[in-house]
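Student: Sequence:
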Amino acid sequence: MAETTVLAIPLPAGVDERANAEALAKRYRAEFVDLKNFKIQHDLLRTVPVELMFRYNFVPIEQQGDALVIAVSDPSQLMILDEIAGLLGHRIIARVATLSQINEVLKKTEQSQRVLEEASEGLTFDVVSGEDNSDENISIEKLTREEDISPIIRLVDTTIFTALERRASDIHIETLDDSVIVKYRIDGVLQMAMAPIAREHHTTILSRIKIMSELDIAERRVPQDGRFRVRYKGRLIDFRVSIMPTVHGENAVLRVLDKESMSEKFRNLTLEVVGFAESDLRRFRRYIREPYGMVLVTGPTGSGKTTTLYAALNEIKSDEDKIITIEDPVEYQIRGITQIPVNEKKGLTFARGLRSILRHDPDKILVGEIRDQETAQIAINSALTGHLVFTTVHANNVVDVLGRFLNMGVEAYNFVSALNCILAQRLVRTICEYCPRTVKYDEETLLAAGLDPIEWRDFEFREGSGCMECGGTGYRGRTAIHELLDLTDPIRELILDKKPTSEIRKLAQKEGMTFLRESAIDRVRNGITTLKEINKVTFIEASR
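Mapping of the sequence shown onto the UniProt record's numbering: position 322 corresponds to residue 322, and the numbering continues sequentially without gaps.
Just so you know, these hints were derived from the structure itself, not from any lab.
None of the values given here were measured: they were computed from a predicted structure.
Incorrect hints may appear among the rest.
Said to hold, decoys possible - Derived DEER-like restraints, expressed as beta-carbon distance ranges:
(1) Arg29 x Leu88: 18 to 28 Å
(2) Arg355 x Gly403: 45 to 55 Å
(3) Leu496 x Glu444: 37 to 47 Å
(4) Arg371 x Val247: 24 to 34 Å
C-beta: ideal position from N, C-alpha, C; glycine also.
The whole structure should be built from the sequences, with the hints applied where relevant.
Tutor: Have a look at this one:
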């Protein structure tokens with residue numbers, strides 16, 4: 001489904017904004033209109049889908065024969081004007097108004113009731129509770145005929161529906177002093193989902209989410225965590241809900257866990273899909289097929305560590321081996337692998353679960369995350385006693401992992417002996433395949449990115465111009481960049497001698513290791529991502 005263009009955050013109306021709008025109107029020979037005392041023509045507004053007005057930030061002013069006169073803030077966006085004309089089936093006459101005035105008019109168009117009132121067919125879904133035993137799930141509300149659904153329920157439910165359609169991983173509901181903002185996280189970046197919602201609906205929206213999550217609707221002063229499940233297009237999708245009180249009221253974040261869909265994709269998941277470079281892929285595959293030892297993946301939250309480990313398990317699983325995982329939570333289910341969820345409330349921690357796993361005669365073990373010395377020690381001992389252990393830890397790069405483990409109080413000799421390799425990973429957005437274009441950067445930009453101007457001066461960089469498919473961002477989807485540290489004998493000796501990480505880094509580079517920054521630049525060279533994206537994700541100094 002085509003994604004929507006990101007809505008601009010309204011700017012405060014002022015003299016500078018009006019002057020800029022008037023200058024734009026003059027430059028593009030369009031008429032400037034002042035919407036300050038604009039009288040809304042409700043009959044005309046009803047002929048234009050409300051979602052289009054919010055998507056493209058325009059207001060219909062009047063009908064002139066077969067032409068529709070609209071107010072926009074940027075008349076230079078000819079492609080967008082053409083898209084509006086095509087979608088409405090009218091010739092468009094553009095007038096120029098300030099963005100803040102356009103947004104003010106949109107707020108008055110009964111948008112709190114209408115923003116997402118035009119629910120898509122098949123929107124209605126069952127909301128079921130998220131008890132520990134999925135077999136005992138009971139329906140707590142069934143959305144039936146549209147006339148029975150209140151505007152707020154429809155708004156919340158359609159926000160969820162649209163998030164699923166747009167591949168969002170999270171829904172953010174943020175409360176301001178005068179409005180409520182809804183954002184989607186798509187490909188790791190927040191995007192406005194719709195125009196601001198009137199502040200008076202904040203409590204009702206949050207109450208609806210709390211009811212769905214079976215939380216206390218009367219409690220507004222302390223954080224609450226819950227979950228709910230919806231049946232959407234024939235499959236169950238889980239949502240983890242976090243409610244947090246702020247100075248202006250409660251905020252909510254809904255994490256989307258589309259387990260059934262992802263489990264289907266994960267059946268065919270391989271390390272090629274993750275985005276490994278050929279050289280790293282060959283070496284990493286060798287390590288995940290070792291008979292024993294530890295394969296360690298590091299990176300910040302949301303960097304795809306779990307996906308990489310699932311891909312590795314998918315490639316090596318067989319009927320001859322018993323593979324057991326302990327995770328917090330079990331995000332995706334893989335057929336043929338025993339997966340155990342951590343439950344700290346009931347006393348099932350990583351350390352306790354790992355001890356039990358070892359009594360279940362496993363060949364290969366995945367520990368979702370090493371957070372403490374006890375878990376680290378058991379995992380290392382498992383790797384030393386004939387098991388292949390996959391695990392993750394939070395660290396910035398492969399060299400920082402060494403210090404992290406040693407600071408946990410782990411014996412350096414045992415740790416180094418157990419390790420097969422350390423993989424550091426980040427995710428970068430990939431250029432939208434529907435709107436690519438080539439650009440050249442000036443010398444200043446190249447130097448700021450740590451690139452040699454002589455080498456890159458004539459290079460044609462690819463980037464996305466922004467279209468309906470990518471929601472105007474120029475990016476669609478993500479891929480991973482990696483750095484892989486081989487635990488060679490010289491590297492092991494430096495670690496045991498407690499040499500500075502800078503020395504370990506230099507030796508690794510001398511042995512041919514590709515660092516994260518170099519991996520990212522390679523993706524730019526191959527036209528997969530942009531220079532701006534890799535500058536946001538990796539340190540420029542890392543290439544030196």
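Student: Between the beta carbons of Leu496 and Glu444, is the distance compatible with 37 to 47 Å?
Tutor: The hinted range 37 to 47 Å holds for Leu496 and Glu444, with Cβ atoms some 45 Å apart.
Student: The hint says 24 to 34 Å between Arg371 and Val247; measuring C-beta to C-beta, is that right?
Tutor: 31 Å, holds
Student: State, for the Cβ atoms of Arg355 and Gly403, whether the hinted interval 45 to 55 Å holds or is violated.
Tutor: Between Arg355 and Gly403, where Cβ atoms are some 27 Å apart, the hint is violated.
Student: Would you say the C-beta atoms of Arg29 and Leu88 sit inside 18 to 28 Å of each other?
Tutor: 22 Å, holds
The structure is inconsistent with hint 2 alone, although it conforms to all the rest.
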